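There are 2 protein chains.
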Amino acid sequence: MKISQGFFKTFKEKPKEAENISTELLLRGNFIDKEASGIYSILPLGWRVIQKINKIIREEMDAVNGQEFQMPALQPKELWLETDRWDHMDPPLFKLKDRHDKEFTIGPTHEEVIVDLVRDRVSSFRDLPFMLYQIQTKFRNEQRSTGGLLRVREFLMKDAYSFHADVKEFEEYYQKVIEAYHRIYKRCGLGAKLVEAHSGSIGGKKSNEFMVLTKEGEDTIYLCGACDWAANIEVVKNIDKCPACGGEIKKSKAIEVGHIFMLGDLYSKKMGVTFTDKSGNTKPIIMGCYGIGIGRLMATIVEVLNDEKGIIWPKSVAPYQVHLISLDQDETAAKLYQELIDAGIETLYDDRQESAGVKFADADLIGIPKRITVSPKTIADKSCEIKERNKENLEMVKLEKVVDHIKK
Amino acid sequence: MKISQGFFKTFKEKPKEAENISTELLLRGNFIDKEASGIYSILPLGWRVIQKINKIIREEMDAVNGQEFQMPALQPKELWLETDRWDHMDPPLFKLKDRHDKEFTIGPTHEEVIVDLVRDRVSSFRDLPFMLYQIQTKFRNEQRSTGGLLRVREFLMKDAYSFHADVKEFEEYYQKVIEAYHRIYKRCGLGAKLVEAHSGSIGGKKSNEFMVLTKEGEDTIYLCGACDWAANIEVVKNIDKCPACGGEIKKSKAIEVGHIFMLGDLYSKKMGVTFTDKSGNTKPIIMGCYGIGIGRLMATIVEVLNDEKGIIWPKSVAPYQVHLISLDQDETAAKLYQELIDAGIETLYDDRQESAGVKFADADLIGIPKRITVSPKTIADKSCEIKERNKENLEMVKLEKVVDHIKK
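Protein chains in written order, with our numbering: chain A, 1 to 408; chain B, 1 to 408.
Treat the hints with care, since some could be wrong.
Computed list of lysine-lysine pairs in DSBU-like fashion (alpha-carbon distance at most 35 Å, straight line) [unchecked claim]:
#1 B:Lys251 / B:Lys241
#2 A:Lys237 / A:Lys193
#3 A:Lys2 / B:Lys9
#4 B:Lys12 / B:Lys241
#5 A:Lys206 / B:Lys34
#6 B:Lys12 / A:Lys77
#7 A:Lys55 / B:Lys407
#8 A:Lys270 / A:Lys250
#9 B:Lys387 / B:Lys9
#10 B:Lys55 / B:Lys205
#11 A:Lys251 / A:Lys309
#12 B:Lys16 / A:Lys77
#13 A:Lys12 / A:Lys176
#14 B:Lys2 / A:Lys176
#15 A:Lys205 / B:Lys2
#16 B:Lys387 / A:Lys77
#17 B:Lys278 / B:Lys176
#18 A:Lys205 / A:Lys251
#19 B:Lys391 / A:Lys9
#20 B:Lys176 / A:Lys97
#21 A:Lys335 / B:Lys387
#22 A:Lys370 / A:Lys407
Partial pick of chain A residues on the chain B-facing surface, computed with a CB cut under 8 Å [stated by the list, open to error]:
#23 Asp33
#24 Tyr40
#25 Ser41
#26 Pro72
#27 Ile106
#28 Ile135
#29 Phe139
#30 Pro243
#31 Cys245
Listed next, the stretches of chain B that the computed footprint assigns to chain A, with coverage defined by at least 3 CB atoms under 8 Å from CB atoms of chain A [claimed, not checked]:
#32 11 to 19
#33 37 to 44
#34 111 to 117
#35 189 to 199
#36 298 to 306
#37 330 to 337
Just so you know, these hints were derived from the structure itself, not from any lab. If you're wondering where the values come from, they're calculated on a predicted model, not measured in any experiment. All C-beta atoms, glycine included, are put in the ideal place defined by N, C-alpha and C.
Same shape as in the complex, but just chain A (with noise of 0.2 Å):
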């Protein structure tokens, strides 16, 4: 993408709604913009690191054998009312009326729909076990929203739910599921911790986060520095040793990217859903689901991986590839931009007619992986310069063999 022919526009202020540093470089970056209150636009720049997010959580959905759909978000009033949940959700839920007086609310999840759906199409053992997710919008009412990304009252989420015939069968998918997410969270250039945790409004007999730690996190965990062991506060308070090992143990601010629940047949039997099984008997189906916030998920990514002058994109994210600088160089950089869009390597051409102190500190700030720089200096010895953007030295290569160089 050309720059000049693109939608671009960075900020050198500190945004007044930026209350950490995900929040500010997101928008100073032309990644996000703010609608209201914890309601945000995704740029074109951070469209492409919320793509990369999305495939990398799909693929690993589906060699866990998840098949993608999608649930509407308007959900009517009747379903809320099977499971209770209409008047007793925390937050709140977003309710409005169509023309004909019909309640609905816009969905901040998806169990009642999902078991409406499943309950019509499910009645033997046969028919199980499987596990559907979808990439999708959701909406909550929050009290206050805070933290530009990390609470929000509209976001893209994947949510996924499982069903199976047993209580093993499931436990042994639910460890299953941990491992997948493990793998989407390294991918993305994280470490994850897996805590207990509190299930809230969605309930279940066990449920379990993904925590990251970071400087600042709108959540407190428990971890043990002897075992696995770690826990949401809301967990477990006031407690000086490990339950698991009795160990030391230490506290921590982290940020939850992940939330699965242990249903079992909570969901089944409030709304009535069961199998008849090998022997003819009817059971309620056993039931998990799956959650992670996608522009939260891109935000944490920021939050620990930044520096003074920017962020610093993992190559498995970033929006591109390779970050190209001409300084004066239109038509030499105009042909290697092309060799490297031909060569499928994804490439941001910075072509305005700025300074070069005003096109390193967007490129610094924005974070692509590799910037190349064609400049007077570089062009003198048939060449161009190129920098990493978690390193300091400076590599000059010849144009001829740029892009060797970047695809090795």
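Given the coordinates of chain A, work out where chain B should sit on it, guided by the hints.
Below, chain B without anything else, positioned relative to chain A:
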């Protein structure tokens, strides 16, 4: 995907809510599920079709310099007061209040939001032109939802918005989008007619619809038999000669699969969006917008491409390329399935314990382009049977040649 491991249930009976053939076949074939009047889930088979359509649309929008992004569904009342549309949309807006009694709509369209975004970021002719598009959920508070996916209350839409410094440049761009739209429909297996249209609640000086001629459609158009002229009857009522060439006029029922608008400076003036031109003069930005309803496009493909047995998907948007059926030959079929998957061929594998009749009927209903059957008869000849959905003849192909045969 092995059917035994997925979420799969077809229906023999015509559902009572099926008012047209596309709704009947998409419901019976497990592509969609009705949640409430005019509100549908898109099931895994349907979602694969939608994703194929989305990929085609993205490629064609990117080819006319579009940048994908995402705007929120929740839109504050204040923005809609600026354009005087809060109480004047047809159908009327869905309206809701947040917990602080602030009013929002869940948007049927996004002119207000994008113009608000653009006015903060565009100031000079150097910032123009550009085009942004999104594939996003829209909400319409229809009086009556009819015709399955053809008139719904919640739907996925590709909406694009372009911004220009002058009318001539805009009109050239508008023509490029028309060509991109024709490529989209052609790639989806459809031919669409460009017609003059009524601009409705969107407004602007001129708009065009793309119409697919079908037996059953919501719209009626006038077509000239002698020249290219065509118009929705909403625009020109009661004519008997072509206004362009004087030729004979025909009348036809049709389905609208796209609507594009020459908005000009309508929204720029209402919302105060100006730029400074080369001479230093302040001018309103010239704007166009371009919509395609994605679910409606999927339904239209089915409306056109079907026979008495079911859907006939074109290869470009088929949920899978191959429908593999095992008739008591699970070992050979499983091996062939793995070979097809390894070769990158999207394959739906019917590994259920069902009769040949059930499996063949489902294959015809679902409409995947190629059916491969492995049976005792074919195995005796180390072969399988390949049938194309839109042809009658069967072809025997040696098992070791199947991948090459499918790929050619």
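Right, here's what the structure says about each hint:
{"no.": "1", "hint": "B:Lys251 / B:Lys241", "result": "12 Å, holds"}
{"no.": "2", "hint": "A:Lys237 / A:Lys193", "result": "19 Å, holds"}
{"no.": "3", "hint": "A:Lys2 / B:Lys9", "result": "48 Å, violated"}
{"no.": "4", "hint": "B:Lys12 / B:Lys241", "result": "47 Å, violated"}
{"no.": "5", "hint": "A:Lys206 / B:Lys34", "result": "32 Å, holds"}
{"no.": "6", "hint": "B:Lys12 / A:Lys77", "result": "30 Å, holds"}
{"no.": "7", "hint": "A:Lys55 / B:Lys407", "result": "25 Å, holds"}
{"no.": "8", "hint": "A:Lys270 / A:Lys250", "result": "39 Å, violated"}
{"no.": "9", "hint": "B:Lys387 / B:Lys9", "result": "23 Å, holds"}
{"no.": "10", "hint": "B:Lys55 / B:Lys205", "result": "31 Å, holds"}
{"no.": "11", "hint": "A:Lys251 / A:Lys309", "result": "30 Å, holds"}
{"no.": "12", "hint": "B:Lys16 / A:Lys77", "result": "23 Å, holds"}
{"no.": "13", "hint": "A:Lys12 / A:Lys176", "result": "44 Å, violated"}
{"no.": "14", "hint": "B:Lys2 / A:Lys176", "result": "19 Å, holds"}
{"no.": "15", "hint": "A:Lys205 / B:Lys2", "result": "31 Å, holds"}
{"no.": "16", "hint": "B:Lys387 / A:Lys77", "result": "47 Å, violated"}
{"no.": "17", "hint": "B:Lys278 / B:Lys176", "result": "25 Å, holds"}
{"no.": "18", "hint": "A:Lys205 / A:Lys251", "result": "25 Å, holds"}
{"no.": "19", "hint": "B:Lys391 / A:Lys9", "result": "54 Å, violated"}
{"no.": "20", "hint": "B:Lys176 / A:Lys97", "result": "41 Å, violated"}
{"no.": "21", "hint": "A:Lys335 / B:Lys387", "result": "48 Å, violated"}
{"no.": "22", "hint": "A:Lys370 / A:Lys407", "result": "11 Å, holds"}
{"no.": "23", "hint": "Asp33", "result": "5 Å, holds"}
{"no.": "24", "hint": "Tyr40", "result": "7 Å, holds"}
{"no.": "25", "hint": "Ser41", "result": "5 Å, holds"}
{"no.": "26", "hint": "Pro72", "result": "5 Å, holds"}
{"no.": "27", "hint": "Ile106", "result": "6 Å, holds"}
{"no.": "28", "hint": "Ile135", "result": "10 Å, violated"}
{"no.": "29", "hint": "Phe139", "result": "7 Å, holds"}
{"no.": "30", "hint": "Pro243", "result": "37 Å, violated"}
{"no.": "31", "hint": "Cys245", "result": "39 Å, violated"}
{"no.": "32", "hint": "11 to 19", "result": "violated (count 0)"}
{"no.": "33", "hint": "37 to 44", "result": "holds (count 6)"}
{"no.": "34", "hint": "111 to 117", "result": "holds (count 3)"}
{"no.": "35", "hint": "189 to 199", "result": "violated (count 0)"}
{"no.": "36", "hint": "298 to 306", "result": "violated (count 0)"}
{"no.": "37", "hint": "330 to 337", "result": "violated (count 0)"}
Violated hints for the displayed structure, listed by number in ascending order: 3, 4, 8, 13, 16, 19, 20, 21, 28, 30, 31, 32, 35, 36 and 37.
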